[in-house]
Amino acid sequence: MRFRRNLLGSFLSFVVVIGVWQAIISFGHVAPYVAPTPLDAWRSIVTNWSHLWPLTLATVKETLFGFVAGATLGMGLGILLSKRRFVQRVIYPILILSQAIPIIALAPPLVLVLGFGLTPKVVIVAWIVFFPVTVSVLDGLANVDRDLLTLARAYGASPWRTFLVIEVPSASTSLFSGLKIGATYAVTGAIIGELAASSGSSLAMFQHSQSAQLDAAGVYGTTLIMTAVGMSWFGVVALVEFFTTPWKRRSVARRAGRRI
Amino acid sequence: MRLVSLSLYIERVDLGPVLTLSNTEKTFGALPAVAPTSFTINQGSFVSIVGPSGCGKSTLFNMIAGLEAPSAGTVQLHGADISGRTGHVGYMLQKDLLAPWRTVLGNITMGAHLTRGVTREDEERGSSLARQYGLGEFLAHYPNALSGGMRQRVALMRTLMTDHELLLLDEPFGALDAQTRFEMQRWLLDVWQSTQRTVLFVTHDVDEAIFLSDRILVMSERPGRVVLDLTIDLPRPRRTAMLTDTAFMGAKREILSLLHHESGE
Numbered sequence: 001m002r003f004r005r006n007l008l009g010s011f012l013s014f015v016v017v018i019g020v021w022q023a024i025i026s027f028g029h030v031a032p033y034v035a036p037t038p039l040d041a042w043r044s045i046v047t048n049w050s051h052l053w054p055l056t057l058a059t060v061k062e063t064l065f066g067f068v069a070g071a072t073l074g075m076g077l078g079i080l081l082s083k084r085r086f087v088q089r090v091i092y093p094i095l096i097l098s099q100a101i102p103i104i105a106l107a108p109p110l111v112l113v114l115g116f117g118l119t120p121k122v123v124i125v126a127w128i129v130f131f132p133v134t135v136s137v138l139d140g141l142a143n144v145d146r147d148l149l150t151l152a153r154a155y156g157a158s159p160w161r162t163f164l165v166i167e168v169p170s171a172s173t174s175l176f177s178g179l180k181i182g183a184t185y186a187v188t189g190a191i192i193g194e195l196a197a198s199s200g201s202s203l204a205m206f207q208h209s210q211s212a213q214l215d216a217a218g219v220y221g222t223t224l225i226m227t228a229v230g231m232s233w234f235g236v237v238a239l240v241e242f243f244t245t246p247w248k249r250r251s252v253a254r255r256a257g258r259r260i
Numbered sequence: 001m002r003l004v005s006l007s008l009y010i011e012r013v014d015l016g017p018v019l020t021l022s023n024t025e026k027t028f029g030a031l032p033a034v035a036p037t038s039f040t041i042n043q044g045s046f047v048s049i050v051g052p053s054g055c056g057k058s059t060l061f062n063m064i065a066g067l068e069a070p071s072a073g074t075v076q077l078h079g080a081d082i083s084g085r086t087g088h089v090g091y092m093l094q095k096d097l098l099a100p101w102r103t104v105l106g107n108i109t110m111g112a113h114l115t116r117g118v119t120r121e122d123e124e125r126g127s128s129l130a131r132q133y134g135l136g137e138f139l140a141h142y143p144n145a146l147s148g149g150m151r152q153r154v155a156l157m158r159t160l161m162t163d164h165e166l167l168l169l170d171e172p173f174g175a176l177d178a179q180t181r182f183e184m185q186r187w188l189l190d191v192w193q194s195t196q197r198t199v200l201f202v203t204h205d206v207d208e209a210i211f212l213s214d215r216i217l218v219m220s221e222r223p224g225r226v227v228l229d230l231t232i233d234l235p236r237p238r239r240t241a242m243l244t245d246t247a248f249m250g251a252k253r254e255i256l257s258l259l260h261h262e263s264g265e
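Here the protein sequences line up with chains F and D, keeping their order.
Each residue of the first sequence is one higher than the one before, starting from 1 at the first, in UniProt numbering.
Each residue of the second sequence is one higher than the one before, starting from 1 at the first, in UniProt numbering.
Same shape as in the complex, but just chain F (with noise of 0.2 Å):
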């Protein structure tokens, strides 16, 4: 019920984007060469898919492999630094050193290392990931609940068995928030990645030449193409921590027991 309430709400605000886009086109009069509207951009897609198809795939891979190596590392950097209090002294101002570099400028010192092929965007991709969810686990580890902790261990349970059976399930909210920003902002790395660390075609590339011939229907559908990559891997996760939370939609389980 509610999971087909939101896709109607998904459906409308849609509606929304391209009625304002459709309108400010129409009653502003802006010329064709400055901003198509939505069906232009559209119809720009369907002509240029055969070439646009696998430039689409490549960011999905680099997003995909990004992501993947991203959120991984941020898990393993918010529960190592949130169980090592010197360890987080120690890497915490390192961690938001690296945010602090311009995404713009690390491409071209991992160009030398990484050459142009696939690593330097994956790597590019992870970098942006692995911040929020390193900090939405460690705010999620820190805000469990402390009379829980004192009861596991009064039921004399081990430190591992308290961080999967308490820890865990209660950073999973925070955990589902980094992980969302995360799969939002891993296009935008794939995209900086592919602009300056590219030698053969991209999506980025791609869209470069359509801007240099002033096809304005093409620069916008390749970034509708961009947008829905990014829009997509938010899903992914959204999708993944509605099958995984049951308890924050539901009142009653489909079964009671849960036996590990």
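Do not rely on the hints blindly, as some may be mistaken.
In the DSSO-like style, the derived pairs of lysine-lysine whose C-alpha atoms are separated by at most 27 Å in a straight line are [as the list claims (entries may be wrong)]:
# : chain 1 : residue 1 : chain 2 : residue 2
1 : F       : Lys83     : D       : Lys95
2 : F       : Lys61     : F       : Lys180
3 : F       : Lys248    : F       : Lys180
4 : D       : Lys95     : F       : Lys248
These are calculated hints, taken from the structure and not from any lab test.
Start from chain F and add chain D according to the hints.
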């Protein structure tokens, strides 16, 4: 296998001490929290501890649960020293501390999950306990769907599942409204009488302490020590009518005068 009697009340026999505190004390830095305290709790008995706020009741409980090591003295369970060692007694707090992500059954079996992993047998035992004490329809519910009283029942079932002889209940009904609280008291007595456990119960409510207990320990202000050890001579099972019994009133008068004297009122 434990013998379970639901409606029948079996006369309790004195089976000797479960818990023995010998000059047990706790100081935090220079601040004494619990003065040297000695008492024993006999098997199968229901003993309440009452005292003014901040008298060190919780510290005392933490020492018995092994969460805090005593600064001096010992805590013995069936004659074995358990000072500073956890996992030997059942422990329940005013906050129900149910995990929102676990079902009622999942919460009841949480102790097993925290120590070794939940078996099919644990789930079956948990289900039958829950059914026996009025939670049968709620096994698959998440805690957010339950009332405060129901949540405390689940928390008590979870404590019972640990199989420890001694249960420490730290103001378990403190956050409930009067009506629910009264129902929960009678329900707790039912559970206690049929499961044959030993209960050490902390409360602020003198009526509650007398209604439930065989014996009441009254503590002084910080640093806490036992200033009165009172046996409650009311027959079991306890009835609502006993709340106005002369023995009840006498015990209440004695405890209240001491509490008020102790807190300087």
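Hint by hint, here is what the structure shows:
no., hint, result
1, F:Lys83 / D:Lys95, "holds (26 Å)"
2, F:Lys61 / F:Lys180, "holds (18 Å)"
3, F:Lys248 / F:Lys180, "holds (17 Å)"
4, D:Lys95 / F:Lys248, "holds (21 Å)"
In summary, this structure violates none of the numbered hints.
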